[in-house]
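*Asks:* With chain A held as given, fit chains B, C, D, E and F onto it using these hints.
There are 6 protein chains.
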Amino acid sequence: MINQIDTLEMLQMRAEKDTNKIDAFEVAQIQLKKATNKMNLDPNILAQLKEPERVLMVSIPVKMDNGAVKVFTGFRAQYNTARGPAKGGVRYHPDVTLDEMKALSAWMTWKCAVAGIPYGGAKGGVICNPKEMSEGELERLSRRYIYEILSIIGPKKDIPAPDVYTTPKIMGWYIDTYNKLTGEASFSTITGKPLELWGSEGRKEATARGLSYTVEVAAKQLNINPSKATVVIQGYGNAGSISAKILNEQGYKIIGVSDSKGGVYNLEGI
Amino acid sequence: MINQIDTLEMLQMRAEKDTNKIDAFEVAQIQLKKATNKMNLDPNILAQLKEPERVLMVSIPVKMDNGAVKVFTGFRAQYNTARGPAKGGVRYHPDVTLDEMKALSAWMTWKCAVAGIPYGGAKGGVICNPKEMSEGELERLSRRYIYEILSIIGPKKDIPAPDVYTTPKIMGWYIDTYNKLTGEASFSTITGKPLELWGSEGRKEATARGLSYTVEVAAKQLNINPSKATVVIQGYGNAGSISAKILNEQGYKIIGVSDSKGGVYNLEGI
Amino acid sequence: MINQIDTLEMLQMRAEKDTNKIDAFEVAQIQLKKATNKMNLDPNILAQLKEPERVLMVSIPVKMDNGAVKVFTGFRAQYNTARGPAKGGVRYHPDVTLDEMKALSAWMTWKCAVAGIPYGGAKGGVICNPKEMSEGELERLSRRYIYEILSIIGPKKDIPAPDVYTTPKIMGWYIDTYNKLTGEASFSTITGKPLELWGSEGRKEATARGLSYTVEVAAKQLNINPSKATVVIQGYGNAGSISAKILNEQGYKIIGVSDSKGGVYNLEGI
Amino acid sequence: MINQIDTLEMLQMRAEKDTNKIDAFEVAQIQLKKATNKMNLDPNILAQLKEPERVLMVSIPVKMDNGAVKVFTGFRAQYNTARGPAKGGVRYHPDVTLDEMKALSAWMTWKCAVAGIPYGGAKGGVICNPKEMSEGELERLSRRYIYEILSIIGPKKDIPAPDVYTTPKIMGWYIDTYNKLTGEASFSTITGKPLELWGSEGRKEATARGLSYTVEVAAKQLNINPSKATVVIQGYGNAGSISAKILNEQGYKIIGVSDSKGGVYNLEGI
Amino acid sequence: MINQIDTLEMLQMRAEKDTNKIDAFEVAQIQLKKATNKMNLDPNILAQLKEPERVLMVSIPVKMDNGAVKVFTGFRAQYNTARGPAKGGVRYHPDVTLDEMKALSAWMTWKCAVAGIPYGGAKGGVICNPKEMSEGELERLSRRYIYEILSIIGPKKDIPAPDVYTTPKIMGWYIDTYNKLTGEASFSTITGKPLELWGSEGRKEATARGLSYTVEVAAKQLNINPSKATVVIQGYGNAGSISAKILNEQGYKIIGVSDSKGGVYNLEGI
Amino acid sequence: MINQIDTLEMLQMRAEKDTNKIDAFEVAQIQLKKATNKMNLDPNILAQLKEPERVLMVSIPVKMDNGAVKVFTGFRAQYNTARGPAKGGVRYHPDVTLDEMKALSAWMTWKCAVAGIPYGGAKGGVICNPKEMSEGELERLSRRYIYEILSIIGPKKDIPAPDVYTTPKIMGWYIDTYNKLTGEASFSTITGKPLELWGSEGRKEATARGLSYTVEVAAKQLNINPSKATVVIQGYGNAGSISAKILNEQGYKIIGVSDSKGGVYNLEGI
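Residue numbers (my numbering), protein chains in the order written: chain A, 1 to 270; chain B, 1 to 270; chain C, 1 to 270; chain D, 1 to 270; chain E, 1 to 270; chain F, 1 to 270.
Okay, chain A solo, but in the shape it has when bound (with noise of 0.2 Å):
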């Protein structure tokens, strides 16, 4: 069974969690490896798929509130682009290094092709601590941020979206700057943006949404029955606390989650 569930998916949300321990894109490597061989895939396309199309690197100067001046280090990797154009969030984060922006990106493009999207994957970050930082620290960060990727985004280039720490707020900072310095109305090169700024509704619960449908297409080819199955969650944000009830209205039997801090832990159902 173990086998079985040990599928990509898995070993990402692993990945995920470990991306300071253990290196992120050494994994992501090792899964298309091992994809790639059950597919007799041709080497010199093979080639093309274990590294990153582009990574931008950039300083970002911020003006902090006590007047000193703060420079945050930010990322935006495009993996892969040949089927779309590439897709992604943004997260920020005192760990976020550049493995971690190309694992992620590269995990992003086999999403959207394994599900049929037509896009490619990319991530974006930012080294800042946001729970150390006030309203206008982030939104002078966040708009500074997307001046310095300004040229390698867009509808047709790239479309960045909410991740780690990240929230619409800031996703509105980013389309505001992106409109700004287009000199545009335009609202289709960021997504999770608040619903007053065109933002789609549906897009908090979209994460575990899109995972419910998963669980259910992988437990029909295992054959496992729903009301027979537990389920055990990593992580208690926005993806996996919805993901839990969403789960639970489907007859699984939540028996353990756990987040940053601890876990709970329950045989018969949480």
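Each hint should be verified, as a subset may be incorrect.
Same chains, same label: a pair holds when it works inside one copy or across any pair of copies.
To be verified - Straight-line C-alpha distance at most 27 Å; calculated DSS-like pairs for lysine-lysine: (1) 204 x 38; (2) 70 x 180; (3) 63 x 34; (4) 169 x 70.
Hints listed in this document are in silico derivations from the structure and should not be mistaken for laboratory results. Predicted model only: the values in this text are computed from it and were never measured.
*Replies:* Only chains B, C, D, E and F this time, still in chain A's reference frame:
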């Protein structure tokens, strides 16, 4: 005396040799700190001088002569453009690293600023072994590299030049690719081109001649009499060998030279 | 009852009539103040709603049929684009003023916002008397006007349309000039074009139909019974005459109509 | 009866066959004159319909497999864009001429206009013999051709498609080159792409299916009963063979087919 | 004598002082009429010289130090560019008006033309009181102003410069904003920059020096002997005080100076 | 002797005269073959020199003074830009042909290369009879021609100039149209402009003066003594008549001149 010579330029040359063993960019940052401490530089400005404005990392797929596709990794680091367009060479070498690019682009910035030239600093590189590649492979690699960094170069943005293992012929491919992609017939985006493509005369000796001017100024400030001074030269390629010739003409006694394979030493002069 | 009807829309219509005598933009600002007071709108947002984002004033030299060059003054005011591309007509009239442009662009902004349409507001105009100009002169004026405002219009920026004394034929000249100058064969920058140039069907009745929907909603909210209500219509051009027809069909009794030359009044209905 | 069938479409097909012997563009101009005479078209408009808006002729240097550089001549004729972006295929054939390009682009213009499709007409071609070229040579030719005409194509300007001896694979090279040169990952500039690159399903049968619709309309207007009608088909490639199949399904009796090598004839049907 | 001195330059200076009381642009148009009458200028050309080619009015929202958003109004008037890129300063003053901008841009046009310099004329301004604003507020105002007029300035379009209450430091913010928004490191779009940002030496004295050249030419033409001439200077800022110094060196006797607060008068010289 | 003079330049001049009867481009290709045979030029380079890089053919609709629309055909051939931006005149003549354009652009390329000037070669033309057109018609033709070729000209791409029947006034319309369409006030895209629009002094005599320099060099190489040499001049327009004057001043005896209407011949000198 040692202390007196142990200046920025010396440290830098030492670092240029050992970029694989020690972290060149750390050296550059230590130099910056030492220099700016003496200047009592505003820490808000120092913060912006400590990291490159922008580094672009790109994948460069090349169809090799045997039909296989090989994907190389290329870089272009733009350290600072406050004083003018970035300026700096592109090196082709198996040991090119991101940190080396950041360090070399910092040194280009400081060299231009110290010499009062209205340029900022940049550096590029591709991880490859040009000694094992055919001319056709090198041409395809070079043209694709310029394509990949096209949006950040130009006469008002960043002006590449030759460096380790890149020749005037390669600069010719660069400028031709730049012109084809922009629809122009202009020659100001690349320096070190062949004379037929309006490269500068005297370009070959320029590095060594620049060094001799620096030596002249330094000798005057340190009260060193050329006829009584002895010189040791590390590296005996284009820069080193022509420097030996020019310094010898200026009356210095060259007592030692070395390159990657060994050295010659004679206290009476070589 | 008067007080109830004395809403934004009424004030605005009155202002549209009298732009030469009273300052239309002052009226708009009073309306804004009254509305935002009721909303307790953040004064920092109000500050940005009180003035147009941008007004471009241009000189339009036209070779007249008698060979002389006459220079007309044209305007394009873009009031606010926070909700989408600016939208608004262009009027040709001897009495066009800067303040009228600002007022009308403000009203376009609010109309789109109140109706929930994803557009901002704009208005353009040229000081001229189209009744005294030949078709050739009008064509040259129209083409040059679009040339002069080209850099601020487009499907993602600002989309002009017909207004006082500007016709579908003029919109045809506009879109042709836009296409020639951009090298495109696109039709989304101008509305109100002739059907042959992919204008919208029903465009002629659209203003009156929009009014009838507004009247319907207003009547419901004010508990007005159409069959017992009487209607007076100021202006009997495209908007007025079709409104009369539609409102009549909806059961309203039209008791008075007027245009710039006089009025008809009959309490029993016309 | 002959007179009745001797319509624009017939003349055009005959001309398409004989472009080397008779001057196809002269035929197109005669057709135009005949049609516009019947319409009493304004001669000022006719003057603008008699010549293509623009023809771009380009040299296409290609490194052949034997190392030699061969320079091919390519064309892109844009006949008229008043009704929308130009649309038309690209043919690779040794007999391509400037006049053929002009004629075919005129016919594309009229076909789109007569069918009420919001496109203008264009045609491209390269003088070459694809049967004697390797896939690598064809790829290099195709990519360079698109590069050379890049500034005049795009989703709002001109949208190339397959034609004689150009395949979906070639369209894939086209769109990839277009995307690389514009920095986009967009797929609307080229039609007839492989399905994996978001080409349209049913594209292969589209020409024949369009013909069958035309036959259906024509039969109705001429009071031809399909079950009593006989059909001869000139050309038995993609268009001809599928037309035979579809017309047969619609009850027509196919009594003759021919291609460049010979013909088959049977009054009882084939 | 009065009549002789009552030249264009005098009228203009008087108008510059009183822009709030009399309509400066009316004065400029009277001057134009008087001058072109003497030239018998073609009325078709005169028609195009009577109004500015273009005036852009923009709203400039600025976050003030107390957190509130204040929206300032800015202008850029480009009077005429037939002889070269527009050239003219930007003033920050509470009394800036549209008509003043039009008048000052006309005078810049004529000054450049009369002096034979290959530039046209422009003028910009922001309605604000820089004496009551902090440096941070001024920086944010200045950067946003350049952003708002970005599309109409540049080395081949229009080159702003300092004027009333705008300093080299403000020009530094201007050029930095221009470079950031265009991705360039170029310095030719703004004059009057600090020397460190490649401003011109002697810029501070340039206005006064230009005046002294004009005085010299005028004196020669009017047969005025400097040693017998007396000078009164209105305004004692940068232009006035340095003019006093230079004219004094050239032998003129300065008998009166005044500024916005008062004046000094001594027939024997000051 | 005949053989010695029968050089490239002579053949070319003869061809320029007879472009209607013999195929000028065939002559150019024969010349190229003869010259490159002597140079043993790499055939891969020759292949690229045998055809123009690009020819753009455009339709130029012009509203004639009688109200009718007449559509002219215009060309711009860019032969080669490897050494710099293309350079070459535009001729207005009823006999302009595609082949003539190709030939003349080839000759411009070689003239610039042989003279060591950093430009490539181009030529443009419009099929029209300027002697039968009014000034207004010529202006509208000229402005539309520049519009049609706009995307391939510019100071870094291709720089048009006067040629047969095109005057400084026409160059003025060209540069004004170029500036209006690009939003610039720049003068480097067109040469041969009126002096008031920053045309070069001495432009009128430049062709003849260039010829006299060539004659001087040729005479030296062929050991021809000017005082003993006789000269015949074909064509007596701008180039021919001024050449006669300059060569006469240099001591040559002019014994014959001719133009399109006849010739004068006197062995003793004219």
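*Asks:* Each hint needs a verdict: does it hold in this structure or not?
*Replies:* Hints, one by one, checked against the model:
no. : hint     : result
1   : 204 x 38 : neither (36 Å within a copy, 32 Å between copies)
2   : 70 x 180 : both (24 Å within a copy, 18 Å between copies)
3   : 63 x 34  : between (47 Å within a copy, 25 Å between copies)
4   : 169 x 70 : both (22 Å within a copy, 22 Å between copies)
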